[in-house]
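Here the protein sequences line up with chains A and B, keeping their order.
Position one of the first sequence corresponds to residue 270 (the numbering used here), numbered consecutively onward.
Position one of the second sequence corresponds to residue -1 (the numbering used here), numbered consecutively onward.
Label-pair ranges, simulated between beta-carbon atoms:
| id | chain 1 | residue 1 | chain 2 | residue 2 | range |
| --- | --- | --- | --- | --- | --- |
| 1 | A | D619 | B | A283 | 47 to 55 Å |
| 2 | A | F556 | B | D210 | 44 to 52 Å |
| 3 | A | F556 | B | Q261 | 23 to 31 Å |
| 4 | A | W386 | B | A176 | 34 to 42 Å |
| 5 | A | D618 | B | C48 | 24 to 32 Å |
| 6 | B | K91 | A | V626 | 32 to 40 Å |
In case anyone wonders, no lab produced these hints; they're calculated from the structure.
Just so it is clear, the structure is predicted and the values come from calculations on it, not from any experiment.
C-beta: ideal position from N, C-alpha, C; glycine also.
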Amino acid sequence: MTDRPQALGGPILTRPVRILLALFAVGAILIVWRLGAGLGATTALSDGYPWGLWIAFDVVTGTALACGGYGLALLVYILNKGRYHPMVRPAILTSALGYTLAAASIGLDVGRPWLAWKVPMYVWSWNLHSALLEVALCIMSYTVVLWIELSPAFLERFREGPEGRLKRFSQKAYPIVNKLLIWIIALGMLLPTMHQSSLGTLMILTGPKLHALWQTPFLPLLFLISCIAMGYAAVVFESTLATSFFRRRPDTDMLAGLSRAMLPVLGAFLVLRIGDLAARGRLALAFSADRFALAFWVETALFAMPLVLLLPARQRRDPGNLFRAAMFMMLAGAVYRFNTYLVAYRPGDDVHYFPSVPELLITLGLVALEIVGYVAIVKLFPIFSASRQTAAQA
Amino acid sequence: MSVDRRFLLKSFAAAGAAAAAGGTIEARARAVAPADALGLLYDSTRCIGCKACVVACRQANDTKPETQNSPGGIWDTPMDLDGNTKTVVKLYKSADGYQRSFFKAQCMHCVDPACTNACMLGALKKREHGIVSYNPNLCIGCRYCQMACPFNVPKFQWSSAAPKIVKCELCRHRVAGAALSSVGGFSRYPASHGPACAEVCPRAAVIYGTRDELLAEAKRRMAESPDRYVPKIYGETDGGGTQCLYLSHVPFGDLGLPALSDQAVPDVQQTIQHGIYQGFVAPLALYGMLTAAVFRNRKRAAPDDDREEGGRPS
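So that you can see chain B by itself, here it is in the shape it has in the complex (with noise of 0.2 Å):
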């Protein structure tokens, strides 16, 4: 056996070492929701699908209506949410009819999101009160936030040749300076500074606020009518937890929520990717194994020498 395999062996060896951290090094830090984090709390049993908050959402962010799917062309009537909807809302329906539910679809907002992770430049990124926040000036394109997302949510401008990726960002453009204050023992901006969807329903079906300050409400609920809700809070823990949280009478799955984890959604690829490039030390390390194997053997390698080298392979 040549030194050079010897050397070889050792260099495997350590790059598997380095792949196979994924398995052994030890999980990252859990992301904790800043202490202002705003969020939405939906309550499906309050909702009567007035749909009020599509339409506050559409002035608010000044998208157009979508009014191809009914008969005539007359209503607003998204389907799902998409490159000019923002929010929409659904309804269940059991397979005997029987069991009904509304939903309102948007932005979770969540507490360590997938979408973050896969942004190559920070266009999506989590900023003040912890809104996942877009910049079209850092986004190429490219529509990784849209594999990652397991709520499905980042939508792109399909049919524009300048696309940009469209979702809910709790409206955070209405701020303005604004500040906020406690009103009835949730923090509100003053009327029409806050997300549209919830300073417009007429049933607080959904309502904004701190993510901690929703997560009392919904458990005050829970614990006044135990009988009326599934005795869980959608978006408490989660996929590592998110700032819209739901309350509902149907099971979460029906109403499309996906059955996550309580771990967050990017925490294998990141344990992994961690691992393998903490502080870009095994990357250079490998580049000097690689260097120093090519140094040693290049000289035999040449296209003028012949010679042949260690066993035959076949």
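Pulled out of the complex, with its shape left as it was, chain A reads as follows (with noise of 0.2 Å):
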């Protein structure tokens, strides 16, 4: 029993989730409005841009930084790491939080939310064509998944609980999960190849609409080599400030590992990249003087920089270094994302978007929420590893 997992403890209703709490409170009462109003009282979509920041962010930049119990589950399940394996109940806790507030965000982007049901009961409907329907199905399945994987620790907890039906009907699940598991932690890592892959082939339907840097065949790919990646990226980054939030020994070695992973990942997405853009003549367009040309340097040189920083060995034993390694990965991704969803997608001369305050308060406040989720399960069941616990903290 060296390494289990435990509860963290201590008050939850702390000031920053107070504050955090007011944030999703403002969230809320807007999302009643956007339900009661529809969108284009609320948002600044318009038939020109009819997929947004909820789209570009929350779901797709949103699923793909939530991609590390997927990115874990890769390491420690083929790659044989067992070692990281004290960081995947974490992971797989950010990525259960991530998913559901896409799903969440899915729901108000849709215009007639009321039927979305339809989509996953009416089979006979389904269009075996649509990309979409493939995200969308999967998205949800994907986070029923995540919760399944993380209900071992629920189940723990209340299995040692008081006396009463939540704990019988715990003693008796736990045993049934852990059997099941092998068959859902395999399901939680072809699920996300599925769906990250198609994130990036919905946009091939757009065809001349997407400009040309971005449009190729290899979406699928690229997207989903970076989602690893950020999905590496966001556990350094949650592990780092989980570490000095609730006074954790910083589990440094283990990032420099994880850090270590991001590299072959991050060059391969380079490679494919630069390479396909020239296989087909397209790299000279990264030379024009516009904007498209701006911003594909700017994505191109944020996905350099953790290369740079992780490159030599001596500078993955720093553990600022490999913070600010982690952000410019996520946010590396998160660039290529809003490019090929929003910056480089071109549905005609006189057509803007910027999002409205109303679609940026929902997802800040949604954002809150899930930060407010992660603090009160992680104090309150078993995620994170005992060993790491300080003595401040027992």
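Using the hints, put the two standalone chains together into the complex.
Okay, here's the thing in structure tokens:
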């Protein structure tokens, strides 16, 4: 019993949490307004830009940042690096919260959410040509898969809790979940492979409306590769923050290893990204004097930054440097996604989009709720491994 | 090198092959318009911009006039297609003002539409006569059709809390069981059962009929007065072909019609999707491999067992 996860304990409604809850309250009021008044009154969306912040950030970027669980599962269960196992639970928790947030945002973004239940249920109406149908079904099922993957943490606490129905249920359910977990974990690797690549495939259908520097048949592969790097970065980021906020001993060894795992992934992305443009003779577009070339270079520079920061082995021992590299990596993936979904999407000459204040505040409120959920769950349930707890906590 | 690593490499190679299939797999079969595909032929040299078609469309589809752009708010002046306007007539003027042309916009009723490929539950679907039809009961308002359409045709009712997608459906609701018969070489419904815009046009600048009839008519007009037209029928092959066709005396790009290759717009995406997901074999195989790998490695990764496996990555 060297490294069992343990609930961190401590008060939940701290001052930062109360501030976050206030932010969410603002978002919640605006959500009610959005549902009552419609999308036109509350968002900057238009027939030219039918997809905006909620799709580009909450769904496309948010789920990629929530790929820590996926990336770690690949390391632990496929590359067989068991030493990362203590990081899996916190990563799965962030992933579960991130995907739940994305699902909620889709619910707000679609114009007719009261019919959304038909997407999984109307099997006979499924359009099997629709990449979006695949994304929708995958995101729905992966959200469920993530909470099942996390459920042992809840069951572990309840089966040791006070007598009652919950305790009896947890005692009975725990071994069942444990047995099923192999199938669930494998599903937890298959589904992100499918839909994270399909998030790239989606934009292929926009054809000439997507600028030639981004429009490529390799969009699915580029999205898949970058989401893995973003997932590792998100784990490093979140782990570093958790270490400082909850005053735990840093896992620098493990974070260094994870950061190193980012390198080949990043390298593969850059080689494919630039190689594809060169092979199809589109690299010249990167040197024209327009905003697309600028967006391309900002994006590419952001991808190169973590590579520069992490390449020297000595620098991978510096927690501050790891944190910076992780931030650049997350930003790079986010900018790539924003470019593909908004900046390089050109429906016509006179159409522009910048998110409205309600759009921004609703996204902010949902992210705030996600952080509150994270704090509450790590304090109440066994998520973090006990061995990193400092004396101050115990 | 452990067994697991070899296993991993093989799995990734398989996944990579599936992902790369987009580049190598044979393109999907080219869609062909059904023999009874109905469409419109718009001839910019005949159009006088009277907008009778816009008014007829409003009456036939029960849409409200858009008066907010006119002085005093008294004229119906839609600026473009929108959530309340299924067809619109626009004026193109060259920079020197010398060359002018009207242009009528509405759904192109593509032979192989991007929107119907995008739509999750088939709310947009090609139905009778190849008409791209909308069924709101299957629409959750995701607006992927708007992202996908190269002509920016499907519009959304942004101001509504229960919005729908709005686009031309070639007045299919007016058919009401009426039969097509041949009138002067064109397939026609009895009066007020066909597309309202074409029925009302005083100059035959927009006419309806089957795609084959319209193509033949367009070619006839071009052969009759070759100097009058840009030597091309827009929609014959553009974007894989459309059921609504255009003749023009100014370049089609100036009218706002996008330059599309002969390849159907959904071709690239569908070829990749089909390459990866054909018969769901690749995902199932990958799932099998993943499960096997988890089965092998999970014991060693259990939290109670801190054993180091393989080389340290750092």
